[in-house]
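S.K.: Per this note's numbering: the sequence shown = residues 1 to 298.
Keep in mind that the hints were calculated from the coordinates and are not lab data.
Predicted, not measured: the structure shown is a model, and the values here were computed from it.
C-beta atoms are modelled at their ideal positions from N, C-alpha and C, and glycine is treated no differently.
Just to be clear, a hint being listed does not mean it is correct.
Keeping only pairs whose Cα atoms sit at most 27 Å apart, straight-line, the calculated DSS-like set for lysine-lysine is [to be verified]:
#, residue 1, residue 2
1, Lys199, Lys165
2, Lys33, Lys124
3, Lys293, Lys195
4, Lys260, Lys199
5, Lys134, Lys186
6, Lys186, Lys199
7, Lys102, Lys33
8, Lys282, Lys293
9, Lys282, Lys61
10, Lys251, Lys124
11, Lys110, Lys124
12, Lys260, Lys134
13, Lys33, Lys61
14, Lys260, Lys186
15, Lys124, Lys293
16, Lys199, Lys134
17, Lys33, Lys134
18, Lys293, Lys51
19, Lys278, Lys33
20, Lys102, Lys61
21, Lys167, Lys186
22, Lys51, Lys134
23, Lys293, Lys278
Here are the simulated distance ranges between beta carbons [what the hints assert, rightly or not]:
#, residue 1, residue 2, range
24, Gly35, Pro244, 40 to 46 Å
25, Glu246, Leu281, 33 to 39 Å
26, Gly297, Lys61, 32 to 38 Å
27, Lys165, Ser106, 43 to 49 Å
28, Thr73, Gly257, 35 to 41 Å
29, Thr73, Glu277, 34 to 40 Å
30, Gly257, Tyr188, 26 to 32 Å
31, Asp46, Glu81, 21 to 27 Å
32, Ser229, His7, 58 to 64 Å
33, Ser229, Arg99, 39 to 45 Å
34, Ser5, Lys293, 50 to 56 Å
35, Ala193, Val4, 49 to 55 Å
36, Pro84, Phe43, 24 to 30 Å
37, Ser106, Gln22, 28 to 34 Å
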Amino acid sequence: MPNVSGHTELVGLMAYPIRHTQSPTTHNWAYDKLGCDVIQLAFEVDNDTLKDSVQAIRSLKMLGSNISMPNKTVVHQYLDEVDPAAQLCGAINTVVNVRDEKGEVSGYLKGYNTDGAGFWQAVKEDGIDFAGMKMVLIGTGGAATAIAAVGAIDGIAEMHIFNIKDKFYGRGEEMCEKINAQTSCKAYMHDLADKDLLKQLMAEADLFCDATGVGMHPLEDLSNIPDPSFFRPDLIVCDTVYAPRETVMMKQAREAGCTKVYNGLGMMLFQALIAIEKYTLKEITPELITYMKGQLGI
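I would like the entire structure built from these sequences, with the hints used as guidance.
M.R.: Here is the structure:
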């Protein structure tokens, strides 16, 4: 951990609830390894206190702040600019206090979503070129929409999104409309209850991702996939859950012979590193990645 001094610069994490988070530990490992006099602290911030808290980034000359629930979809209204991928998915998890020509924070705040970029960077780190692939994605929450947005922008050719017909189903339909209007990817929305269609499209896909909370507590004994027959050995399989490190769905995929099966630890790591690079302007080197993987036990 860095020694805090009169020169230490601050990065925040604004969410509610937040005391369970591992983010400051992860960030501060990286700042220490990079030799940056920077520290991240967590702040309990909800929608009622968000406006004043964002203004504090400017007034306290913070480097920025990570943003989590319930603030991801509303923080944009207090910022000066939003990155195109964050606009597309409708959620922001990183606010950067942009530096001026002297390298000092300017008070101009730009919003990003590093969740999607983190997911796809973790995929690329294992040598997978996903450009031109067909994808099946389960979920329409914050992680799912971020993954969909960046995947569509960066080269996924066809995307089939499944979700239960709850209050968030419409978000998936809107996401597909945006992807089809703003990217070259072809996106389609489907009811997760249609397991025959899910199985058919998984058989035709190159990559499958479950970006829901199914598989983590209190749903750790469940899977959105009925049985291992939905998988084939050459399908790339991803879960955004990282606790437990192997979900029921991942076990099903491995039982079916899948060799490229990933949990959410890589996404968690790279979304943090991408944000850290934006805050510090320090290059994320292979040595840092190796160090952070060791710290996280990846």
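S.K.: Would you list, in rising numerical order, the hints stated earlier that this structure does not obey?
M.R.: Hints 3, 17, 18, 22, 24, 29, 33, 34 not satisfied by this model.
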